[in-house]
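So the protein sequences, as listed, match chains A and B. full-length UniProt numbering applies: residue 1 is where the first sequence begins, and numbers increase by one. full-length UniProt numbering applies: residue 1 is where the second sequence begins, and numbers increase by one.
Among the hints, a few may not be true.
Using C-beta positions, here's what the derived DEER-type ranges look like [stated by the list, open to error]: (1) A/S217 - B/W138: 34 to 40 angstroms; (2) B/D61 - A/K224: 22 to 28 angstroms; (3) A/R267 - B/P62: 52 to 58 angstroms.
Taking lysine to aspartate or glutamate pairs in the DMTMM-like style, the calculated list, with each CA pair at most 20 angstroms apart, reads [unchecked claim]: (4) A/K125 - B/D61; (5) A/K125 - A/D223; (6) A/K167 - B/D60; (7) A/K65 - B/E175; (8) A/K162 - B/D60; (9) A/K162 - B/E98; (10) A/K166 - B/E175; (11) A/K92 - A/D69; (12) A/K189 - A/D142; (13) A/K162 - A/E90; (14) A/K162 - B/E175; (15) A/K82 - B/D61; (16) A/K167 - B/D61; (17) A/K166 - B/D60; (18) A/K65 - B/D61; (19) A/K125 - A/E137; (20) B/K188 - B/E175; (21) A/K125 - B/D60; (22) B/K109 - B/E98; (23) A/K84 - B/D64; (24) A/K166 - B/D61; (25) A/K136 - A/D223; (26) A/K166 - A/E98; (27) A/K167 - B/E175; (28) A/K80 - A/D223; (29) A/K224 - A/D212; (30) A/K121 - A/D223; (31) B/K54 - A/D212; (32) A/K82 - A/E98; (33) A/K162 - A/E137.
FYI, nobody ran anything at the bench for these hints, they're computed from the structure. No residue lacks a Cβ here, since even glycine has one placed at the ideal position from N, Cα and C.
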Amino acid sequence: MRPWSYILSALFVVALAAPAMAANSITVKGSTTVLPIMQRAVEAFIAETGTPVAVSGGGSSNGIKALLDGSTDIAMASRKMKGKEIKLAESKKLTPVEHVIALDAVIPIVHPSNPVNNLTKDQLKAIYEGNITNWKEVGGPDAKIIVISRDTSSGTYETWHKIVMKKARVFPGALLQASSGAVLQAVSKNKNAIAYDGIGYINNTVKPLSVDGIKGSATTAKDKSYPVARTLQIYTSSAPSPAATQLVEFILSPKGQDIVEQAGFIRR
Amino acid sequence: MRISRQHKEMAIHGSFFAIASTSILVLTLIMVFLIMEGLPIFNDVSVPNFLFGKYWYPTDDPPDFGILPMITGSLAVTALSSCIAIPLGLMTAIYLAEIASPRMRSIIKPLVEMLQALPSVVIGFFGMVVVAPLLQQWFGIATGLNLFNASVMLAFMAVPTITSIAEDAIYSVPEELRAASLALGATKWQTISNVVIPASLSGISTAVILGMARSIGETMVVLMVAGGAAMTPTSIFDPVRPMPASIAAEMAEAPFQSEHYYALFATGMVLFIFTLIFNILAAYIAEKKKQIGTATL
Chain A
1 MRPWSYILSA LFVVALAAPA MAANSITVKG STTVLPIMQR AVEAFIAETG
51 TPVAVSGGGS SNGIKALLDG STDIAMASRK MKGKEIKLAE SKKLTPVEHV
101 IALDAVIPIV HPSNPVNNLT KDQLKAIYEG NITNWKEVGG PDAKIIVISR
151 DTSSGTYETW HKIVMKKARV FPGALLQASS GAVLQAVSKN KNAIAYDGIG
201 YINNTVKPLS VDGIKGSATT AKDKSYPVAR TLQIYTSSAP SPAATQLVEF
251 ILSPKGQDIV EQAGFIRR
Chain B
1 MRISRQHKEM AIHGSFFAIA STSILVLTLI MVFLIMEGLP IFNDVSVPNF
51 LFGKYWYPTD DPPDFGILPM ITGSLAVTAL SSCIAIPLGL MTAIYLAEIA
101 SPRMRSIIKP LVEMLQALPS VVIGFFGMVV VAPLLQQWFG IATGLNLFNA
151 SVMLAFMAVP TITSIAEDAI YSVPEELRAA SLALGATKWQ TISNVVIPAS
201 LSGISTAVIL GMARSIGETM VVLMVAGGAA MTPTSIFDPV RPMPASIAAE
251 MAEAPFQSEH YYALFATGMV LFIFTLIFNI LAAYIAEKKK QIGTATL
């Protein structure tokens, strides 16, 4: 019994300490929205170069904070650096370098039989707050709107929550689906449903809606005319380590950008 | 050199002990881990606010960590699926043990047990793609992803558990009891309802409780078909979000050791307490009503 417990607790300690021990590797930290891109990119990067990379989430703010205090090489952020953070960087005589690695556009979707083509941002907000509950209020048939949302941890939710909801709460009666695929499945099976999904996932089983009269596409996201879109970026210090530079270049390369698309986002 | 019989015996004894303690040790470690990762949330939220809070907005600023809708969701799907699964499971068990011909039994019993081998994700997919649209059509309800659908799918999964354990219990009732009952002039039905079932009650209770424990802990099915609205249901066609679904949906992207992460582990603790109660209850009933010989009836 004794030896067993020693071995197991030793294993346990090793497992816990492993991330901390990789001292000469690259560390990447920050936005959970960028995390799925980074994880795929890092897998391919490690397979190609063998350089160890430690990736963790924690949110954009934590990533930038870690970059400024020197505890990470690369910070992932689903937003640009804020004025306060830029000032903090200046006070530390740091000039973080921004690299836009992808665009994210989130598009409202309905069942193909739904006659509604366009909704304004305010209408979408009211639907997700539970204030508009019937399709006839927005020019559709007389039927209850089935509101489908994502789990609050997803990056798609975060984009929606920030740009459409303006940080107001989605009402508790909204259905929750845990993945982009499940959202699509649920909308294609319910003619009164509305949901939103990352542009990379949408196919012909559902009907995408325009927002404020503008159709969501890679083009309208890039020229910023489509409102529910944002850029995803990574920040490095002004003099990153060679390994970190290599990783940034890998993500910006065509191969890295293919990975961006596989993760459901738009090439930069 | 020959090892003495005594040493051999000791070696076998020791190795079995070691293997058994490893699995127990691992389980204990998992439990310790669960508690260690769950407790820190109570620095931010009080226990009553966590258990009885009505709102779950873990990523908002400031966040709300109330899991009451999840607890009621879990209890609701478990209760409703039990209402479907218990009668079905027990009647199947009685039929198999008492009424079916040996040939019939040898065909049906393996079939029912095979149902148990259906992966939960397959049942969930069936519920999502086939049952949900049908429910929408038949009942004219807004969404087929709801409490009722999840309960039916969970009942599918609980029936084999209930049937196979209950059938074993009923089948093992000594033949003398049946013979005595019939000899006294009781009909077959009277024998089943007044003699056989009371005699196998402990096994049947265990079957029911383990079936319910299966329902409350099941994750994939409720994640896929329960709808996932974090609110206390008011009708059987309301969408719900049971605790396992909430954990599974959010854990992957909750920042490591954030409040949200701790809150999900704490939800896991609550769930663990529920299943623990079910299992203790099953063990207690099995122990208390244990049948000793044939004379205990």
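Which hints from the list above does the structure break, by number from lowest to highest? 3, 5, 7, 9, 10, 13, 14, 23, 25, 26, 27, 31, 33
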